[in-house]
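So the sequences go chain by chain: E and R. Just so you know, we're using this note's numbering here: the first sequence kicks off at 1 and counts up by one. Just so you know, we're using this note's numbering here: the second sequence kicks off at 1 and counts up by one.
The hints are simulated quantities; they were obtained by calculation from the structure and are not laboratory data. Do not take every clue at face value.
For identical chains, the list gives no copy identity; a pair is met inside one copy or between any two copies.
Pairs of lysine-lysine residues, derived as DSS-like cross-links and limited to a Cα-Cα distance of at most 30 Å, are as follows [unchecked claim]:
| # | residue 1 | residue 2 |
| --- | --- | --- |
| 1 | Lys-2 | Lys-118 |
| 2 | Lys-406 | Lys-294 |
| 3 | Lys-186 | Lys-294 |
| 4 | Lys-186 | Lys-118 |
| 5 | Lys-294 | Lys-2 |
| 6 | Lys-406 | Lys-2 |
| 7 | Lys-406 | Lys-186 |
| 8 | Lys-2 | Lys-186 |
| 9 | Lys-406 | Lys-118 |
Number of protein chains: 2
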Amino acid sequence: MKPLRVGIAGLGTVGASVARILSQSGFALASRCGRPLQLNAVSARSRGRDRGFPMEGVAWFDNPVALASSADIDLFVELMGGEGGPAKASVEAAIARGLPVVTANKALLAHHGVALAKAAEARGLALNFEAAVAGGIPIIKALREGLGANRISRVYGILNGTCNYILTTMEATGRSFGDVLAEAQKLGYAEADPTFDIGGMDTAHKLSLLAAVAFGHAPALDGIHVEGIERITPEDIAFADEFGFRIKLLGIATRDGRGISQRVHPAMVPHGTPLADVDGVFNAVVAEGDLVGKSVYEGRGAGAGPTASAVMADILDIARGVRLPAFGAPAATISRPEIVPLASHVGACYLRFTVIDRPGVIAVLSRCLADQSISIESMLQRSRSPGEAVPVVMITHEAREDAMVKALAAIVSTGTVMEQPCMVRIERF
Amino acid sequence: MKPLRVGIAGLGTVGASVARILSQSGFALASRCGRPLQLNAVSARSRGRDRGFPMEGVAWFDNPVALASSADIDLFVELMGGEGGPAKASVEAAIARGLPVVTANKALLAHHGVALAKAAEARGLALNFEAAVAGGIPIIKALREGLGANRISRVYGILNGTCNYILTTMEATGRSFGDVLAEAQKLGYAEADPTFDIGGMDTAHKLSLLAAVAFGHAPALDGIHVEGIERITPEDIAFADEFGFRIKLLGIATRDGRGISQRVHPAMVPHGTPLADVDGVFNAVVAEGDLVGKSVYEGRGAGAGPTASAVMADILDIARGVRLPAFGAPAATISRPEIVPLASHVGACYLRFTVIDRPGVIAVLSRCLADQSISIESMLQRSRSPGEAVPVVMITHEAREDAMVKALAAIVSTGTVMEQPCMVRIERF
């Protein structure tokens with residue numbers, strides 16, 4: 001049978017890994033997908049380096065758009081990254097030419113996914129992006145196909161390995177956020193500019209894609225409330241443990257009668273629940289459907305092997321002739337969802353205040369919360385240092401987000417607290 | 001677009017649930033799979049009952065083989081169960097007629113899967129069985145497609161909800177196996193004849209299918225070592241906890257240079273590992289691949305909703321025109337694997353002996369183990385009742401299975417123990 005000829009733009013760790021797999025196993029994989037896979041063309045920034053696969057018979061392109069436009073290939077694989085630029089231009093060129101596309105580019109899809117999917121579907125082409133979310137976990141396939149008959153009400157998870165590694169290490173060592181981040185950068189677990197990961201935007205990109213596939217609407221990145229993990233302290237992690245929780249950066253998307261709610265923020269999850277035990281660079285996703293109930297998917301969220309595993313799954317599907325709408329439903333029929341604002345979210349919270357240890361402080365805090373009908377489930381004021389700054393932490397009962405915001409503003413305006421209160425939402429899934 | 005006309009044989013809780021989904025949502029699901037789904041024919045033992053879906057326009061067949069042979073359908077769904085009989089005859093009839101088949105019947109596939117897959121593939125037909133393993137967890141799809149480029153070295157999991165419910169309840173309540181089983185039967189969580197579940201054969205059927213799909217060979221049910229949970233006592237569960245383990249009935253399939261090893265038995269898994277926290281009727285599967293590393297899939301393993309979710313996923317794939325070889329590789333090319341005998345398995349063990357509490361007993365036990373080069377990692381002889389029967393429990397270091405069998409036989413032959421020793425393998429995945 002005629003081989004499927006593959007072109008890869010981008011030969012970083014993932015691209016080089018996919019190229020090696022195609023070179024070494026492309027023929028053997030015919031038993032899995034019905035036809036041999038053949039690496040025919042590649043493009044990258046620098047040509048010189050040995051990347052562990054033979055370049056004989058593989059055409060080199062300096063320009064990825066030229067590769068997409070003119071290489072002898074049946075499938076274009078985009079592994080450069082970046083929301084626009086050459087990634088977008090080359091994917092558009094491949095589709096315009098009638099080639100199916102595989103990409104791991106969450107930023108590209110979160111911003112331009114619907115336009116690209118429309119173009120691909122209009123020409124009867126696949127646009128696959130399993131590797132864009134949760135690395136090696138086949139979660140896009142699970143949502144789009146395995147749970148395809150379910151009405152999904154909620155999908156959430158730990159989607160950023162860098163943040164999970166930092167939080168796990170802070171917990172294990174008691175070291176500060178900045179300290180652990182610096183080490184993670186040295187070890188290559190965090191980028192030189194880590195803003196995208198630790199600020200939550202990487203998780204937001206992935207959540208927008210998960211939600212789109214789960215609920216059958218267009219990705220709505222601008223409808224996501226995003227907070228990062230920068231303000232979490234070892235103290236918060238220790239208090240969380242005392243209250244029976246661990247702190248994780250979560251992406252959470254919920255659908256109800258009003259529309260879609262999407263949020264990314266650090267959250268306290270109870271010990272013993274599926275997400276609490278996901279450590280280090282692992283990712284996990286929970287999907288809740290009307291038929292299946294709760295199902296959990298866990299695995300490595302990044303790295304050459306796991307990401308290449310997902311890219312290869314997309315390539316195998318295309319070799320088999322499988323062609324599904326990118327977001328589950330045809331792109332021409334999907335629209336932007338109604339966004340439910342965070343203000344109406346109802347949930348319990350962990351609050352940490354830094355106060356001067358003197359009589360009456362707790363009364364002030366409690367009064368401001370009570371004024372917004374927020375009641376306190378438990379409180380800890382461990383250290384006693386009269387006249388000095390000490391932490392007071394609380395777990396509240398369920399309250400509306402807008403009430404909580406007002407209460408915290410009122411507390412700040414009393415002058416009782418030495419710094420901005422720390423608030424972490426509690427998620428008892 | 002022309003609807004996909006579906007015929008269902010078997011209207012138990014799962015069949016009736018699938019029929020209801022098709023009746024209520026068959027048209028709406030066209031957005032997921034490109035064409036409407038339409039329930040056209042059903043067959044069951046008794047006609048009278050109202051099963052919650054309208055029978056207007058749905059043809060009734062008393063005989064499932066007649067339904068498969070002559071109903072106006074494009075797809076045959078077999079949900080009767082049973083290794084042979086009408087299930088096998090009707091699936092064969094459907095394939096002979098050129099209809100794709102969806103089934104949840106693990107016994108049928110474990111015994112006749114290759115023959116049926118060959119017949120289906122020779123006619124270019126799909127034979128899908130997502131619902132046969134792990135209920136609502138899309139694990140067949142994950143192994144065959146999502147991890148399709150991986151060389152899987154090991155796949156294992158908790159595959160029987162009845163056993164997991166019994167073990168979880170024994171642990172939570174300290175009650176005996178027989179007591180909890182009787183209650184589970186009353187609650188409908190265990191069959192009137194529970195042998196198949198508690199004896200491990202249901203898990204073995206599922207494991208044979210998982211291993212076949214993961215490793216790309218023919219299911220080899222007769223090559224599985226099978227033990228059930230009947231001999232586990234509340235004492236064992238309590239001792240396991242003291243040593244840092246929980247007891248779960250596992251199915252484990254491993255591939256190495258020698259071939260395939262498959263076993264089903266109660267196992268001790270360390271607290272904090274993915275399978276240890278899977279409780280009640282939940283199932284979980286772990287797959288280890290060369291690219292992806294370890295990935296974990298957890299969800300409800302039985303029940304009308306989860307099983308119907310899996311059946312519907314198979315139906316959606318057929319509606320989309322997706323057609324993959326049943327066992328990952330074409331049935332004509334797969335063969336029976338080399339079976340690695342359990343005798344060569346190497347692992348640590350928990351051992352419980354019932355002995356008369358008197359000096360010298362431990363020396364006898366230790367000597368018999370030492371004679372087979374088995375060393376003891378830790379030992380507990382908690383209760384002291386000189387002259388009476390007391391338990392002695394041990395955790396061994398790693399040892400070969402055949403050495404362990406010899407050591408236990410030697411211990412029995414000394415007359416030191418009051419009953420057959422209890423041995424539970426330890427799995428530190």
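Need the list of violated hint numbers for this structure, in ascending order. 2, 4, 5, 6, 7, 8, 9
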